[in-house]
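K.L.:
Chain order of the listed sequences is A and B. In terms of the working numbering, the first sequence is residues 1 to 436. In terms of the working numbering, the second sequence is residues 1 to 325.
Hints in this document: simulated from the structure, not taken from any laboratory. Virtual Cβ for every residue (Gly too), placed ideally from N, Cα, C. Mixed in with the good hints there might be a few duds.
[Claimed, not checked] So these bits of chain B aren't anywhere near chain A, every CB distance computed over 10 Å:
no.	residue
1	E24
2	S52
3	T53
4	R56
5	S67
6	T85
7	G109
8	L118
9	H131
10	S152
11	L167
12	R173
13	P196
14	E215
15	N268
16	V270
[What the hints assert, rightly or not] Quick list of in silico lysine to any residue cross-link-like pairs, SDA-like style, CA-CA up to 25 Å:
no.	chain 1	residue 1	chain 2	residue 2
17	A	K316	B	T85
18	A	K408	B	R116
19	B	K200	A	M210
20	B	K82	A	W72
21	A	K285	B	G204
22	A	K316	B	T92
23	A	K316	B	T81
24	A	K322	B	F244
25	A	K316	B	D88
26	B	K200	A	C289
27	A	K316	B	E198
28	A	K316	B	E84
29	A	K316	B	F244
30	A	K285	B	S207
31	A	K322	B	E50
32	A	K322	B	C210
33	A	K316	B	S207
34	A	K322	B	S79
35	A	K316	B	E50
36	A	K316	B	E238
37	A	K285	B	C210
38	A	K322	B	L118
39	A	K285	B	S94
40	A	K316	B	L118
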Amino acid sequence: MILIKGGLLIDPANNRMGAFDVLCEGTLIKEVAERGRISVPKEAQVVDVAGGWVVPGLVDMHVHLREPGFEWKETIKSGAQAAALGGFAAVCCMANTQPVNDCAEITRFILAKGAEAGGAAVYPLGAVTRGLKGKELAPFLELRQAGCVAFSDDGRGITDALIMRRALEWCRMLDVPLCCHEEDESLTQGGSMNESELSLKLGLRGLPAMAEEAMIARDIELARATCGRVHFCHVSTARSVELIRRAKQDGLKVTAEVTPHHLLLTEDRVADYDTYAKMNPPLRKEKDCAALIAGLRDGTIDAIASDHAPHENDVKEIEFEKAAFGLIGLETSLPLMLNLVREEKLSSMRLIEAMSLGPARIMGLSGYGKLSKGEAANITVIHPQAEWIFDRLSNRSLSFNSPWLGEKMTGRALLVMVRGRIVVQEGKLVGNGVSD
Amino acid sequence: MKHLLGIEGLSRDEFYLLLDNSREMVEISRRDIKKVPALRGKTVINMFFEASTRTRSSFEIAGKRLSADVVNVSATGSSVTKGETLLDTARTLSAMAPDVLVVRHSASGAPAFLARYLPDTAVVNAGDGLHEHPTQALLDCLTLSEHFSARSQGIEGLRLAIVGDVLHSRVARSNIWAHLLLGNEVRLVGPPTFLPPELKEAFGADSSQCRGRLEVYYDLKSGIAGADVVMCLRLQLERQSQHFVPSLEEYSREYGVSEKLLARYAPNCVVLHPGPVNRGIEVSSEVLDGPRSLVSKQVSNGVAVRMAVLFLLATGKDTGETTIA
């Protein structure tokens, strides 16, 4: 038995915030009660987390773990451990590995590697189309039965509307979300940053906002017609937020996520051709950041996800147009999002909801997002004021492509418990990440 | 160490320093013996990762007229074809301690990237992607300053019409910066596919610091009306397949610069073209070979401008401590 005591409990599922202690037994939460009310069993391990926030285990519903195929960028083990250090009890990993996760063998491989990683729990997404080629559907039932929690061709837009329609119809039957990287690729050929006056000045071809918005508009209508569940990955523009807000008002089953970098950074970060700020969707403008924060606040956007995309330096320290898209985010998401709370742009309750209950609901991860008696013991304890430097030394990921590298972070995970097992304690991996 | 990465960000003093030096270099190029020892013992490496005839030979001749040791590296036949990265190639060359690295590259920002990683080598942008081609704007201005030498304001207060594919033109970008710096009226003329609505904002033409004016015209006649200078841009033939223009014929009919049009709407104008020309598409042969055309003067001034740039960067005879853009 483990007693987590002395912390501030923030539990969005029960709309509860206050001084509560949590007692865990085995893989489950045995009791949640006001501070001091739990009589401590003799054999219980007592963890004093005074000053910390006790929250449901955080869930990052959109990461790239690169294994199989790109193990020099990240492995399932290094990614799961980086996730745990970042406060996440679970991550959902995208299918764009090599080979692509479009058959049960790959799904089982990912699950097996995840189970022995000694970090966050790993839940794979299956590909929507075979080889992510956008031509023929992947075997949805086989992938679902093997353990895929959702489907996505992330990294590629699904340009063919018929494929999208059929995929939504299958997802409806399976009651899983179709996670969409919304990009009309005919509008983004050769693009490497937001299309704007800055791209014009820099002489870089653009990834226009309309390429995202037009696809979101299309897929809202397909969701309406098929009753399928569309989840919009890494929404990046003000107009996208408005489209999704209206779709939700219409009662459609659509959901959306946003990344910390789209909330916090603007295209100005690429003004000197900084490839560490090159990502897809690209960084947009101040008005887009403001709209994304408003959407996160009012519930139009359900989840915060990192889109953790590790890359080696060799594909970043090159010409901007040739450089790879993406940045890592597992270890910086939480402190960066705590900044929004400190700046009073977001309540702590809403932040925790968007980083736990929100993504858990979308992905159907029933054991996550709730701190109630009888639920699975997936718990994160956050020290919101802890200061540390995010650098190559502190970084657990195998890659360090981040525009925040070298910067001071405030806030970090003290403790992460996955199904009753402590994987991070005092901000460090238990047993240095060696699994038992 | 200083670089020339673009016209953007140059001060008027820096711009005129380059232009005035170029004028002195013109004089050298007119001599019987076109060689001075100014850069003897200095090394210039021309790294051309993109096909180029005039710019590459122009930089090469410029270096040689100043007695620098000039080495040419092109993408084909170099380690680039063996898969070496740009940075590794540049580091390798930089390790041989050149004084100036002249870079032509198809990727926008490549010279800026090299300048960031090679702080001890002067980097000259000889054209990067769609971004800038600063020596072209300088040679255009030098050519204009010769033509307008009788004007008391020199090349300030001019009305310049840039006609064609501004979107894909580094020549246009560098010239826009140059002429806005000089306080000129810059008119961009072409179909909307080449003139995105963000243009004015991109060049800060709305801001209070901008001395010049930037206007957009979709109609050729009103765009060139009363212009002192008409600059024609090359239309890349592949723009048709990318749907920027319905057909070359239609583009040529609407935006081809002809003598008849110029005689009527801009009777006193001179014509510039950065080359290579698609005769009969963006500009007629009659204009190109006629008395308005300053095209061959542009080419000969190209050598003088590049001599000035190499000289100023290799000898560090600069106005201040700051990088030249």
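K.L.:
State for each hint whether it applies.
P.N.:
Hint-by-hint comparison with the structure:
{"no.": "1", "hint": "E24", "result": "holds (31 Å)"}
{"no.": "2", "hint": "S52", "result": "holds (17 Å)"}
{"no.": "3", "hint": "T53", "result": "holds (22 Å)"}
{"no.": "4", "hint": "R56", "result": "holds (19 Å)"}
{"no.": "5", "hint": "S67", "result": "holds (33 Å)"}
{"no.": "6", "hint": "T85", "result": "violated (6 Å)"}
{"no.": "7", "hint": "G109", "result": "violated (4 Å)"}
{"no.": "8", "hint": "L118", "result": "holds (13 Å)"}
{"no.": "9", "hint": "H131", "result": "violated (3 Å)"}
{"no.": "10", "hint": "S152", "result": "holds (33 Å)"}
{"no.": "11", "hint": "L167", "result": "violated (8 Å)"}
{"no.": "12", "hint": "R173", "result": "violated (6 Å)"}
{"no.": "13", "hint": "P196", "result": "violated (6 Å)"}
{"no.": "14", "hint": "E215", "result": "holds (16 Å)"}
{"no.": "15", "hint": "N268", "result": "holds (31 Å)"}
{"no.": "16", "hint": "V270", "result": "holds (27 Å)"}
{"no.": "17", "hint": "K316/A to T85/B", "result": "holds (11 Å)"}
{"no.": "18", "hint": "K408/A to R116/B", "result": "holds (24 Å)"}
{"no.": "19", "hint": "K200/B to M210/A", "result": "holds (21 Å)"}
{"no.": "20", "hint": "K82/B to W72/A", "result": "holds (23 Å)"}
{"no.": "21", "hint": "K285/A to G204/B", "result": "holds (17 Å)"}
{"no.": "22", "hint": "K316/A to T92/B", "result": "holds (19 Å)"}
{"no.": "23", "hint": "K316/A to T81/B", "result": "holds (20 Å)"}
{"no.": "24", "hint": "K322/A to F244/B", "result": "holds (24 Å)"}
{"no.": "25", "hint": "K316/A to D88/B", "result": "holds (13 Å)"}
{"no.": "26", "hint": "K200/B to C289/A", "result": "holds (24 Å)"}
{"no.": "27", "hint": "K316/A to E198/B", "result": "violated (28 Å)"}
{"no.": "28", "hint": "K316/A to E84/B", "result": "holds (14 Å)"}
{"no.": "29", "hint": "K316/A to F244/B", "result": "violated (31 Å)"}
{"no.": "30", "hint": "K285/A to S207/B", "result": "holds (19 Å)"}
{"no.": "31", "hint": "K322/A to E50/B", "result": "holds (15 Å)"}
{"no.": "32", "hint": "K322/A to C210/B", "result": "violated (33 Å)"}
{"no.": "33", "hint": "K316/A to S207/B", "result": "violated (34 Å)"}
{"no.": "34", "hint": "K322/A to S79/B", "result": "holds (18 Å)"}
{"no.": "35", "hint": "K316/A to E50/B", "result": "holds (22 Å)"}
{"no.": "36", "hint": "K316/A to E238/B", "result": "violated (29 Å)"}
{"no.": "37", "hint": "K285/A to C210/B", "result": "holds (23 Å)"}
{"no.": "38", "hint": "K322/A to L118/B", "result": "holds (20 Å)"}
{"no.": "39", "hint": "K285/A to S94/B", "result": "violated (38 Å)"}
{"no.": "40", "hint": "K316/A to L118/B", "result": "holds (17 Å)"}
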